[in-house]
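Each protein sequence line maps, in turn, to chains A and B.
So for the first sequence, my numbering puts the first residue at 1; every next one is plus one.
So for the second sequence, my numbering puts the first residue at 234; every next one is plus one.
Bear in mind the hints are in silico, worked out from the structure with no lab data behind them.
Please note that the accuracy of each hint is not assured.
[What the hints assert, rightly or not] Selected chain B positions facing chain A (Cβ under 7 Å, derived; list incomplete): (1) N301; (2) V303; (3) I304.
Virtual Cβ for every residue (Gly too), placed ideally from N, Cα, C.
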Amino acid sequence: MKFAVLRFPGSNCDQDCLRTLRDNFGASAEAVWHKETSVDGYDVIVVPGGFSYGDYLRCGAIARYSPVMAAVTQAAARGVPVLGICNGFQILCEAGLLPGALMRNRGLHFICRTVHLSVTNVASPFTRGANQGEVIRLPVAHGEGCYFADEATLEELEQGGRIAFRYCEADGSITTAANPNGSVRNIAGVLNRQGNVLGLMPHPERACEERLGSTDGTFVFASLLGAGLSSVS
Amino acid sequence: MIVKIRVTVLPKLSVLDPQGVATADAMKHLGWPGTPRVRVGKMIEIDAPGEPPEEHLLHSICRDLLSNPVIEDYSIESVD
Chain A
1 MKFAVLRFPG SNCDQDCLRT LRDNFGASAE AVWHKETSVD GYDVIVVPGG
51 FSYGDYLRCG AIARYSPVMA AVTQAAARGV PVLGICNGFQ ILCEAGLLPG
101 ALMRNRGLHF ICRTVHLSVT NVASPFTRGA NQGEVIRLPV AHGEGCYFAD
151 EATLEELEQG GRIAFRYCEA DGSITTAANP NGSVRNIAGV LNRQGNVLGL
201 MPHPERACEE RLGSTDGTFV FASLLGAGLS SVS
Chain B
234 MIVKIRVTVL PKLSVLDPQG VATADAMKHL GWPGTPRVRV GKMIEIDAPG
284 EPPEEHLLHS ICRDLLSNPV IEDYSIESVD
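For reference, chain A alone in the conformation it holds in the complex:
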C-alpha cells in the first residue's frame, strides 16, 4: 500500500506524516508536490497540517485550487481514502470534499495541547481499529479549528454516523468544558458521505510513539493499513 503525502508551500506536518508512516508502520510513503496533476498509483492520500499559502485569505482557500487537488477530488470520487489533518481538514472543507467550515477558535487563541476525543464512528477505513465511544488522547495545534456547519448539514452528519471524533472529557462525556475551540456539537472530525474522506483537527501522526506522549493515533494508520483495500499490492 502506497501513501501520498501532499506538500503545499507552507505545509509543516508533511515530514511528521512521512516519518510516522515509514518508521512506525514500515509503509511506503512519498511526498507529492502540490503542482502535480496526478495521484495515480497511490492507495491513500494524506493532506497534512501546516499553514498552506500562509493561511492567506482563509485557511486552505488557496491550496484547494492547487493542481493536485483536482486529482485528489477525482481519486476521492473513485473511493481512494483521503485523510486531512488540521490544515488538511481545512483544505478538504474548502474544496467541498467535506461539509462545513473551520473558523477562528471561539477563545481566539492558538491552542497547542493534548485533548481527549471520543471515537464515534468505527466503520470507516480510518477508524475501524477503534471501539465505538473509545476515548483517545491526541494533540491539537490550531488557531482556526472551530467546526461550523448549518443545522441541516449537522443533522445529515448525525443521521449518517459521519461524525468520527468529538472532543470529550477523560471519561468520554461530551461537555462544553472539553471543547477546546467552540466547535459545534464538539465535532473534531467528520467523514464524507461515502466514508472514504476523513478530516480531523487533532494530529494522529504526532501520537504514534511513546516518547511523544501518546500512541493513541496509531489506530488511524493501522486501520488504513489493515483495511484490506482492493488496491493493496
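Knowing the structure of chain A, use the given hints to seat chain B on it.
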C-alpha cells in the same frame, strides 16, 4: 482605464464571530452605549486594467475564492 472593485466579506449573521464579540466588548469598555453587534471581516480591493469583468465571473470568484459561503457573505462595490 483602471476599474477598481471592492469586495467586502463578513461572517454571516447566523454565525458567531468571536473577533466581533471581542471587539464589541472592547468598544463597550471604551464607553460605547448599549450592546453593539460587531462583525469583523475583510475588504479586498481589486485594480483591474481594461474592461470591468463580467458580472457572473466576478460573482463566481467572490463565491468560490474570496468568501466561503458556508460562513460568510460578500458584497461588491465599484469605486470610481
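What hint numbers does the structure not satisfy? Checked against the structure, no hint fails, so every one of them is satisfied.
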